[in-house]
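Please model the complete structure; the sequences and the hints are all you need to start from.
Spelled out, the chains give:
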Amino acid sequence: MALDIKNILSKNLKVDYEKIVIKGFEEEEEKEVSSNYPKLREWDHKLLSYFKPFYSPLCSLCCLCTYGKCDLSKNRKGGCGINLEKQQARIVLLACCMGAATHTSHARHLLEIALKKNPNLKLKTSRDIQVIAPITTTVTGVKPETVKDLAKILDMIEREITMLLAATHTGQEGDSIDFESKALHAGLLDNMAKEIGELIQISLYDLPFGEEDVHFVEIGLGTIEKEKPVILCIGHNIAPGAAIIDYLEELGIEDKVEVCGLCCTAIDISRYSKRAKIVGPLSRQLTFILSGTADVVVIDEQCIRNDVLEICSSMDIPVIATSEKASFGLPDLTDEEPDKIIRDLLTKKYPGALIRDEDKVGEVAVRLALILKEQKKRIGLDLRDKQVLESIKECTECGWCNRVCPAMLPIKEAMIEAKKGNLEPLSNIYEKCVGCGKCVEFCERNIKLVDLYRVAAKERIKNEKFKVRAGRGPVTDVEIRKVGAPIVFGDIPGVILFAGCDNYYNGNDLPLMAEEFLKRGYIVVATGCSSMAIAFYKDKDGKTLYEKYHGAFDRGGLLNLGPCLANAHAIGAAIKIANIFAKLPLEKNFPEVADYILNRIGVCAVAWGAMSQKAAAIATGANRWGIPVILGPHGSKYRRLYLGEEMLRKIKDRRTGELIDTEPAPLHLIYAAESLNEAIPLIAKLCIRPNDTPKGRLIKLTHYIDLSKKYLGYVPEDIHLYIRNEREIPYQYKEEVKKILKEKGWKPREAPKEPSIL
Amino acid sequence: MALDIKNILSKNLKVDYEKIVIKGFEEEEEKEVSSNYPKLREWDHKLLSYFKPFYSPLCSLCCLCTYGKCDLSKNRKGGCGINLEKQQARIVLLACCMGAATHTSHARHLLEIALKKNPNLKLKTSRDIQVIAPITTTVTGVKPETVKDLAKILDMIEREITMLLAATHTGQEGDSIDFESKALHAGLLDNMAKEIGELIQISLYDLPFGEEDVHFVEIGLGTIEKEKPVILCIGHNIAPGAAIIDYLEELGIEDKVEVCGLCCTAIDISRYSKRAKIVGPLSRQLTFILSGTADVVVIDEQCIRNDVLEICSSMDIPVIATSEKASFGLPDLTDEEPDKIIRDLLTKKYPGALIRDEDKVGEVAVRLALILKEQKKRIGLDLRDKQVLESIKECTECGWCNRVCPAMLPIKEAMIEAKKGNLEPLSNIYEKCVGCGKCVEFCERNIKLVDLYRVAAKERIKNEKFKVRAGRGPVTDVEIRKVGAPIVFGDIPGVILFAGCDNYYNGNDLPLMAEEFLKRGYIVVATGCSSMAIAFYKDKDGKTLYEKYHGAFDRGGLLNLGPCLANAHAIGAAIKIANIFAKLPLEKNFPEVADYILNRIGVCAVAWGAMSQKAAAIATGANRWGIPVILGPHGSKYRRLYLGEEMLRKIKDRRTGELIDTEPAPLHLIYAAESLNEAIPLIAKLCIRPNDTPKGRLIKLTHYIDLSKKYLGYVPEDIHLYIRNEREIPYQYKEEVKKILKEKGWKPREAPKEPSIL
Amino acid sequence: MWNPAYVTPEIANIASPKIVAMAVKKAKRPMFVLGSLLNSLPEEITMEILEVAKLLKNKYNVTIVSTGGSYLTLSKYLEPDAKIGIIDLINNLRNPYWEGFDGKGNYDLILFVGVPYYIATQGLSTLKHFAPHLRTITLCKFMHPNADYSFPNLSNEDWLSYLRNLKSLI
Amino acid sequence: MWNPAYVTPEIANIASPKIVAMAVKKAKRPMFVLGSLLNSLPEEITMEILEVAKLLKNKYNVTIVSTGGSYLTLSKYLEPDAKIGIIDLINNLRNPYWEGFDGKGNYDLILFVGVPYYIATQGLSTLKHFAPHLRTITLCKFMHPNADYSFPNLSNEDWLSYLRNLKSLI
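Chains as they are written, first to last, in UniProt numbering: chain A, 1 to 758; chain B, 1 to 758; chain C, 1 to 170; chain D, 1 to 170.
Be a bit skeptical, because a hint or two may be false.
[What the hints assert, rightly or not] Derived, one-sided and incomplete: chain B residues facing chain C with beta-carbon distance under 10 Å:
no.	residue
1	48
2	52
3	58
4	60
5	73
6	75
7	84
8	582
9	585
10	646
11	648
12	667
13	676
14	678
15	682
16	714
[To be verified] Below, a list of computed lysine-lysine pairs in the DSS-like style, where the Cα atoms sit at most 27 Å apart:
no.	chain 1	residue 1	chain 2	residue 2
17	C	26	B	709
18	C	104	B	738
19	A	152	B	117
20	B	152	A	117
21	B	458	B	543
22	A	152	B	148
23	A	39	B	348
24	A	39	B	340
25	A	709	D	18
26	B	74	C	26
27	B	709	C	54
28	A	152	B	650
29	A	349	B	650
30	D	54	A	710
31	C	26	B	744
32	A	39	B	738
33	A	458	A	412
34	A	650	D	76
35	B	152	A	122
36	A	116	B	588
37	A	340	B	709
38	A	709	D	76
39	B	124	C	28
40	C	26	B	739
No lab work stands behind these hints: they were computed from the structure.
Given the structure is predicted, the values throughout are model-derived calculations rather than measurements.
Ideal Cβ positions, reconstructed from N, Cα and C, are used throughout, including at glycine.
Pasting the structure below:
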């Protein structure tokens, strides 16, 4: 509403300005912000008539109420009448609610800080970015201008999450598609919360806002200068890390103290300060803490190891908790003087403290780190490393480590080699380890395996120095204007989002995938741990992909959008294509926009190592917008996928109003791939859209066949579904394709002018 | 704030009224309503230093993220670093969030209806009830006057539930006591949401508001007049049921149609209309639907069997869903004309419809029932019953039914008798059956056992006619003034709240317990399914307990407070004793009030058949206020209890400021009893408080010993802990007690003047 | 061996009367817990349980504990060493430093019978995961996976013969 | 027998090579699914698997299916009847009315090998609960509780001998 006025003003139309403003406000006062769930539910039912839920129970028992446990095996009903299929849908909804709540509560915390620091803070805008909150605007019709505007939207999100969570309660929703509709809604609320969180932190901390040439950040365990006092920030919330950086600058000693981070906090503080370093993604957390490099550990929220306090305590590292959500039983010293807090921590009165005031955290963390660094004896650490190495000979080769490793790494075999004096295989384990520590828990001899991998890889770690482009924030309107047409028509073969955590089998999967598509001119955008993982690889010239490929949202660009929250920008980019290129109005126009994305924008998300409930919410949210998602093999544990049928699909051509046969594109909405080899051609396939021009289709199919031949060894046998006329047959594979077409009884068909499922 | 002004006015003090109002509003605008969680967390840590969490895992695996499954057996750590103990606390928090969300979303729905019907609706007050929202006022400082005032509080609750839910996400909270603190907070939010929901529905529908002589309601399957068209309302939300009643009255045919309900909806519609009937609690749902008595089934929210639609469809009963939370996959016909909806349902175009407009539901349900009743042939049902009886001979006596029955009923044995022609044992099963239907699911021969119990009990059911007092709403200030002193000093030996569902082993446990305490002069208050279960019993004179005992909050009174939401009134009564009798200010004074309740008000809650996550939230909320809760044996499945130590307890005497030894009273905060025999003396024990006068203590101990002798067979051996001086030894048991005192080396001690744990 | 695809970690071994008898003989501080179902079991079975209890107490000085009201039946034949709520008892047993009913410390082997199934299994779960210092055996009619050793699922007839057998072996 | 205190319902039976061979002989529409690990297993084992596949195809007309890129290895020795993603395959198998790769309807026995453990177990879970019309057997190194029959956990050496044994029995 408000932005409309701004547009009017910017066009110098001086029409009754005040009246409009007052009217706008009146309306706002009158009505609560709403997402209009019933209308969205209609969309969900439509969408899921094409993409059917596919369930893989991870447990067939229900233990949520005291009628249980109920054995729902073979789809039997439990004491409340629920069956296994509905129970899966319900658990997915619960996970999505947990994920959405997490981002919402994160955004709420940022909002509170913003309101405290500057209640009238304007949201960042730029000439290049007019639509600053595409998701929010599409869903609610609101165009926020100040942080205060966001409060009402967060209220709405919290209200609706509460409603969705209520639906998971025993005795409520009773239909699997309605459970799924609610999961999709939770995903959408998650998207909005992320967008809001990003908007606030970008505006409050003046973070990069759609800069393609953003600065480079050092990343990797090898980049941390151990000679300096080291403050390690773990989690997802920028506030304490930024305050630490501010305090250092205030003292003028920003070059004397190493501030580094793990997980998204690292991305955010390195957007805020060019000096901040990124240790790495989630999988490096346990290893790095155990290395004893950090003098002080500051935790904020999300992705914090649950045993961080016990581990740090065992190494005499004080822990500063900063969020009421992750207080770790620590005493709340928020109202104490910094001097006293520091004294209490130095004398080990407490193993750490909860300080809910980020500025105080900044002071305490820095002063503590300076003092502790002085006290610390490095020799202790080296001795410890030696002891760890000694433990190799304890190994009984029982094989439990192999059995419990989620990455299925050959740990036992590496230990056998290590006993013979060859540490190389153990060092290789380090490279691929997802850092969960289960091998340690199950080791008969309590060998500290995770630590052992680190010690074995010590030399390798010294050289673990990479570069990643800082999180750039949103895609600009200017970029969208440039690429809208080539994306919608298929000349740019696709936009690929690498999102999510790094719980997958092979260390280098992500850079390998990214490069395969970058060199083919796809646009690759990455967020969170994925944007880090892509950096953990250098070509023979010693360059990371970020150094090799430009950072613009354009053909062959590799963009680090930012932390997990920045996934909102990826969805935002798709929305903006619909809005800016195709002129679709956004306000309260969700189904139209999602339908456009589903049928016309060749985007595919990959959450290769998706770990947590947030990832489930993010992916499910993307799905509701019509964006297909490919998960890695562990993703099958999310219990539910949305699968389309591999046959011609009946959709509507809105130009003619007719139902017509078209290719199943995208084939699936969410799918778990068995292997990298399966995933890569599938990514290319899932970038195909009914709207492709013949030329665009030709390009897309060429990549699809190329990649299928390279990674699977054959020309895909479903190719006949995607070829509408002979012009679309890739030249290089003409013979093979024609053979398939003949076998399948292929006939040419018309492409829809305005493909739609509405 | 606002109510203060009212008080002032009522006292005819005409001081700058407008200024105060404006100031009040200004403040409201400035500040968000808040519960100040950090301050409450302090209380939790204090409370839980006396009552330690006790964990009983129901599953030792974690399957919440893709690092899993993780085996946490023997307290091992999972991939995120969590151990089994913390995982239990986390799951409890999750359950409490689900419960709190459910009541919050319920209250939100009622609020929306109220705002739609009358945005300026004043909350009901009366001369006898000044403090209308004791929970809300104590936690937030707000004294709501209109429904609008409640919106902000609901916003706050939703915000905080979202925060708490976020804390359950992988990688967040890392301490079991902090998980518990958050569960306690979720419980408190649940309490507030219930209070708000009750306030709205009482005000909007003009329900009884603290009336001791409220009307009686017919309850039991036998009370339903099958000759009339029958509309069955299932769930917890009054809105559709009230609209049905309104529509009938509008047509003037309220005596021609039977409107009945199951679960709390039944309690609410029978508060609204004296004609409405209660079929029974949750455990009767499956049975009653299967009886085919209902012509139309209207579901709202909560406690709806998940298979209600498939069961009703199989019996040609249309289902009208009325909530977005429980849509059951039905088409949303909210915007259709009633004529069309009725036609579509009569022609079975759909098995039911979602109608999110309660007035339209009223019209459709009534008109449908009238038409369907005309069409229906009763003979079909009798034939069906015969077939059910026939199936007895199919039984292979495999014993699965016995094995899966949560109530451990001897079903197989009853079937063996039934084969011989004796249906009596089967009919007894009906009496105790919790209605979960698992026996049916596991029967090798698919015998419809639940239906069979009903058919076997047909004669019994005809006579299943009882009376329950309608839900009366809050305890009045006048009542509190009268009983405050005797309760706090112990002359009234205790207030016992029977709350929660009816998932327990023996049909008559609840009336038996209730009467045991009623005849001893305890005050018994009941809510929800418990208030119904107490009615399912008549003495030899054919009187139910409700007919036998008065309905005032006074010695020997039996109060049906209302539905689940009305549990808030029970806690409210305790708060009002602190406020009205002890003059403790309420506004933002939670820890003081809870400390007062914990140490001085002899109240004990019993959730004998607690089933769902709501029950977990309700109980945990009560705990935070210092109210102990006893669960039935199935309650151990909630995974966590709070147990005190059976030894003298060090607490503070605030009068002197000294720490003194005092009895462990209440001994536990939440405990699961093995049997009725264990529970009854324990209830008496948990009504003891450090504040009891010698006379009060004497009375309480007399009951404790009496009941222990009666139900356990011995004088309790911990009696020495509770006797402070010889005057407190019950005369009747002098010798036995003295013997114990001697054995235990008992010495007299001082009673604290102002017992406190703060 | 734990398997990451299981929905279960280890479960109880099935105990024969012989195994139970041997375990009691080996135990240093055994306890026998008799729960509230004693008041409602078929009399034949109750009697057999009581005789087992008597023998255990007399021959092996097993601490006899009554929970949940079983004292009403139990006390007619045998004065138990302690009367306590089952959850209170489990809470004590869980604590390795508990002083026991006689002040001589915690116990090492706990036999259970007659505690209603659902609360019993939860109590056993607590002990299984948080009380590595003791072993549990159930003599109930239904198998208890959360115990260390458990009788299998039994009909009343078989249960009776198990109990008789056990009695003969003590 | 299911026990309400278990955290598990039924799990796979352990299959010997003999059982597998017999199951194949009895099956009307058997299928053998070879997953992506074929590309990375020790060559000896891969070769043994491929020979089993060949024999199954030749002697019992077993439908050979390649998933996840195993075609790269497989195709050097044997042309599979179909190439498909494992989740797509499971989704087809789940549907009792699926027409099969040859238009002759769904299959009745599915053998699996070489599909990474975690995604395999999820796929098997889908079939276990929602595809009562077929049976599953895994020939993998690690035991699969969600299959109907599964090899036990094996060392590479034992796995090799299981496969050899199976080959000899076909």
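Review point. Holds or violated: residue 26 of chain C with residue 744 of chain B, Cα cutoff 27 Å?
Key: violated, 33 Å
Practice item. Would you check the hint for residue 152 of chain A and residue 117 of chain B, treating anything up to 27 Å between C-alpha atoms as holding? Key: holds, 23 Å
Practice item. Double-check residue 73 of chain B for me: the hint is only fine if its C-beta lies closer than 10 Å to a C-beta in chain C. Key: holds, 4 Å
Check your understanding: Do the numbers back the hint for residue 648 of chain B, that is, is its least Cβ distance to chain C under 10 Å?
Key -> violated, 16 Å
Check your understanding: Can residue 667 of chain B be said to touch chain C, with a Cβ gap under 10 Å?
Key -> With a minimum Cβ separation of about 9 Å from chain C (threshold 10 Å), the hint on residue 667 of chain B holds.
Practice item. Would you mind confirming whether the straight-line C-alpha gap from residue 26 of chain C to residue 709 of chain B stays at or under 27 Å? Key: violated, 37 Å
Review point. Should the interface hint for residue 48 of chain B be scored as holding, given a Cβ-Cβ cut-off of 10 Å against chain C?
Key: Violated, because the Cβ-Cβ distance from residue 48 of chain B to chain C comes to roughly 15 Å (cut-off 10 Å).
**Study point:** Straight-line alpha-carbon gap residue 349 of chain A to residue 650 of chain B, limit 27 Å
**Key:** Cα-Cα ~24 Å, so holds.
Check your understanding: Can we keep the residue 75 of chain B interface hint, with Cβ of chain C closer than 10 Å?
Key -> holds, 6 Å
Exercise for review: Mind checking the alpha carbons of residue 54 of chain D and residue 710 of chain A for me, to see if they're no more than 27 Å apart?
Suggested key: holds, 25 Å
Review point. When the nearest CB of chain C is found for residue 52 of chain B, is that gap smaller than 10 Å?
Key: Given a least distance of 9 Å, the restraint on residue 52 of chain B holds.
**Study point:** Restraint status (C-alpha distance of residue 74 of chain B to residue 26 of chain C at most 27 Å)
**Key:** Given that 27 Å is the threshold and the Cα spacing comes to 24 Å, the pair holds.
Violation of the numbered hints given earlier is confined to hints 1, 8, 9, 11, 17, 25, 28, 31, 32, 34, 37, 39 and 40; the remaining hints are satisfied by the structure.
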